[in-house]
Amino acid sequence: MAKMTLEDLRKLREKKQNEIQKRDIEGKDARIIVGMGTCGIAAGAKPVLDTFLQILDEKKIDNVSVTQTGCMGLCYVEPTIEVIVPGMPDVIYGKVDVETAKRIVEQHIIGKQLVTDHMFDRPAADIIKKDGGK
Amino acid sequence: MAFRNYILVCGGTACESSRADQIYKNLIEECKAQGVAEEVQVVKTGCFGFCEQGPIVKILPEDSFYVKVKPEDAKELVSEHIIKGREVTRLLYDKESSRKNAKVEDIKFYQKQFRIVLRNCGFIDPENIDEYIAREGYQALEKALFEMTSEDIIEELKTAGLRGRGGAGFPTWMKWNFSRQAEGAIKYVVCNADEGDPGAYMDRSTLEGDPHSVLEAMTICGKAIGASQGFIYIRAEYPLAIHRLEVAMKQAREYGLLGENILGSGFNFDIEIRLGAGAFVCGEETALLQSIEGKRGMPQPRPPFPAVKGLWGKPTVINNVETWANIPVIITKGGNWFSKIGTADSKGTKVFALTGKIRNSGLVEVPMGTTLREIVFDIGGGIANDKKFKAVQTGGPSGGVITEENLDTPIDFGSLVRIGSMMGSGGMIVMDEDDCIVDVAKFYLNFTVDESCGKCAPCRIGGRSLCNILEKITAGNGTLQDLDTLETIGEAMKKGSLCALGQTAPNPVLSTVKHFKEEYMAHIVDKTCPSGTCKKLVSYSINAEKCIGCTACARKCPVAAISGEKKQVHIIDQATCIKCGVCMETCKFGAVEIH
Chain A
1 MAKMTLEDLR
11 KLREKKQNEI
21 QKRDIEGKDA
31 RIIVGMGTCG
41 IAAGAKPVLD
51 TFLQILDEKK
61 IDNVSVTQTG
71 CMGLCYVEPT
81 IEVIVPGMPD
91 VIYGKVDVET
101 AKRIVEQHII
111 GKQLVTDHMF
121 DRPAADIIKK
131 DGGK
Chain B
1 MAFRNYILVC
11 GGTACESSRA
21 DQIYKNLIEE
31 CKAQGVAEEV
41 QVVKTGCFGF
51 CEQGPIVKIL
61 PEDSFYVKVK
71 PEDAKELVSE
81 HIIKGREVTR
91 LLYDKESSRK
101 NAKVEDIKFY
111 QKQFRIVLRN
121 CGFIDPENID
131 EYIAREGYQA
141 LEKALFEMTS
151 EDIIEELKTA
161 GLRGRGGAGF
171 PTWMKWNFSR
181 QAEGAIKYVV
191 CNADEGDPGA
201 YMDRSTLEGD
211 PHSVLEAMTI
221 CGKAIGASQG
231 FIYIRAEYPL
241 AIHRLEVAMK
251 QAREYGLLGE
261 NILGSGFNFD
271 IEIRLGAGAF
281 VCGEETALLQ
291 SIEGKRGMPQ
301 PRPPFPAVKG
311 LWGKPTVINN
321 VETWANIPVI
331 ITKGGNWFSK
341 IGTADSKGTK
351 VFALTGKIRN
361 SGLVEVPMGT
371 TLREIVFDIG
381 GGIANDKKFK
391 AVQTGGPSGG
401 VITEENLDTP
411 IDFGSLVRIG
421 SMMGSGGMIV
431 MDEDDCIVDV
441 AKFYLNFTVD
451 ESCGKCAPCR
461 IGGRSLCNIL
471 EKITAGNGTL
481 QDLDTLETIG
491 EAMKKGSLCA
501 LGQTAPNPVL
511 STVKHFKEEY
521 MAHIVDKTCP
531 SGTCKKLVSY
541 SINAEKCIGC
551 TACARKCPVA
561 AISGEKKQVH
571 IIDQATCIKC
581 GVCMETCKFG
591 AVEIH
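Chains as they are written, first to last, in the working numbering: chain A, 1 to 134; chain B, 1 to 595.
Any given hint could turn out to be false.
[To be verified] Some chain A residues judged to face chain B by a derived CB distance under 10 Å, without partners named:
hint : residue
1    : N18
2    : I55
3    : D62
4    : N63
5    : T69
6    : V98
7    : T100
8    : M119
None of these hints come from the bench; they were simulated from the model.
Positions of the beta carbon are idealized from the N, C-alpha and C atoms, including for glycine.
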């Protein structure tokens, strides 16, 4: 993309904000977000990420995007991932290894059931989403 | 088939111990009995952190937060909430208020963690600038470039009351204002990412998770003080953070958010990365600037302060990563919004890296004024393996220990100093009863002795002397005189050292001597180490009455110090024993004893 003007930036933000909001709407693609800070990587997040990509490919599931993010703060249960599936609560899973990753795809993405023994809670509310925490 | 409701039952240790498991089982039974098992999924989750009100049950999608639930409540929860769609108000956290106020986000406890610095960490893809932009990213820069003057920006920071997060807590607006007012066409903006306290990784995680927040803030500062060049000084041991910064800078340049004529405003600003070789002293701002200039990293006398005469003698604003990450939010949401968070003395939040003998180690961001007890026991889940809390060390090698009696102190810059520690950059190491306090002090001192640049005698010689005395005490050769000497040397280092490294190096010793005098006395007078850590002060022996002669210990002993026939009492040869403790771990009968 070429250098932006103020107008360009505002348009881009609006477009992307809409995209992020659409994530919540029924029928929109699901997301798997893998915590890839140093802590996550050290605990094995990379093979987990690879596993997700591989299984989704094998099973020809094409409505799920796999992205990376930084440290979620739950360093005691790394690797951590977040799964966002329409019509289901956003879930943070901890202690995810390759086997668990397979289970998450089978059970959560395909079976629409939570993988109960790996669930953890988000550590804080979001100041940006929630009207600035005002 | 998708479920219409999810019942989340806390499966943390605290809730389990108040029968959460029975609640979980009962809920499953009730769902079956009332014919909704197909529509409702009952889930056992990780700790909600709200242990004081446990056991916790949360029902989605209504997000109803039930507290102090008993196993016999399961029936009512299913029949009322699930079947009839009515919340069981008597179990809601906030019984007085209407339905909407009982939601998770409204519960005060969840503001125990409040994320400003870490707002995007673990949420966006740090290597995708679009995601940052979608989360109000570069909105502060827009405002700063097109709607605000330099004075406005600094005024906003003043209203916010932001103080530097690197440790000293100097008001950020003042630094910026000094640089703005300083004469000269060339000025610099520097980000201190030379995080080096043992156990601290707040800055690394921020850069890895949200690099654009720092770039945006530095650019805003450039506008405020009239600088067009920034430097990020980061240690080479942080390869991932460096990579993410490089990607972020490249994307920002492509979008015209860094470089010449940013967003068509006519303002130019760019940033370069400088890698540090991992010397702890380079986290000290004047040493850091020397290092950027290519010189040996040694602290310089202040004044002149960098804000007036810094990098290559030019006015330089130098702030820590966490300070920078706060700034875009302050500009976007306003200083007033920010100043409502925290205490009178310290505004906003602080990120801590909670480590040590804690159950939930991790990155924790809390409003200033949160107590240590809340951080350690509510957020951190208490001490691992059900051991007893001993102390928490804040401020890394510059700080001190905080004991049980001060756990309820609301944390801010001032209060931590008053109880003999300091905020520091945010390392928080929790110790339990198995940690020897003298050994801990020795650990920190060894660290600062290694990292002293050697420029001034109080730090170079004083630190070594303190270390030698602690070595002597842990070897069982200490005298009562040594305790006084520790304090004398420590005080001299505080007064005589040039930079904070030497000034604060004795803090771990002085604070442990103050709070744990009896433990020092045990080492000196009784020649014992109460926690069994100091090898030279302990000996292992086998209790003849308990030993059954199974030979397990003898087989595990790495130096063959244990002798004895099968079914005969075994004996440890004290001269050969290296005090590794393997025999004690191995013995199933508690026959190996430590003295």
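Identify every previously stated hint that the structure contradicts and give their numbers, smallest first. Those not satisfied are hints 2, 3, 4, 6, 7.
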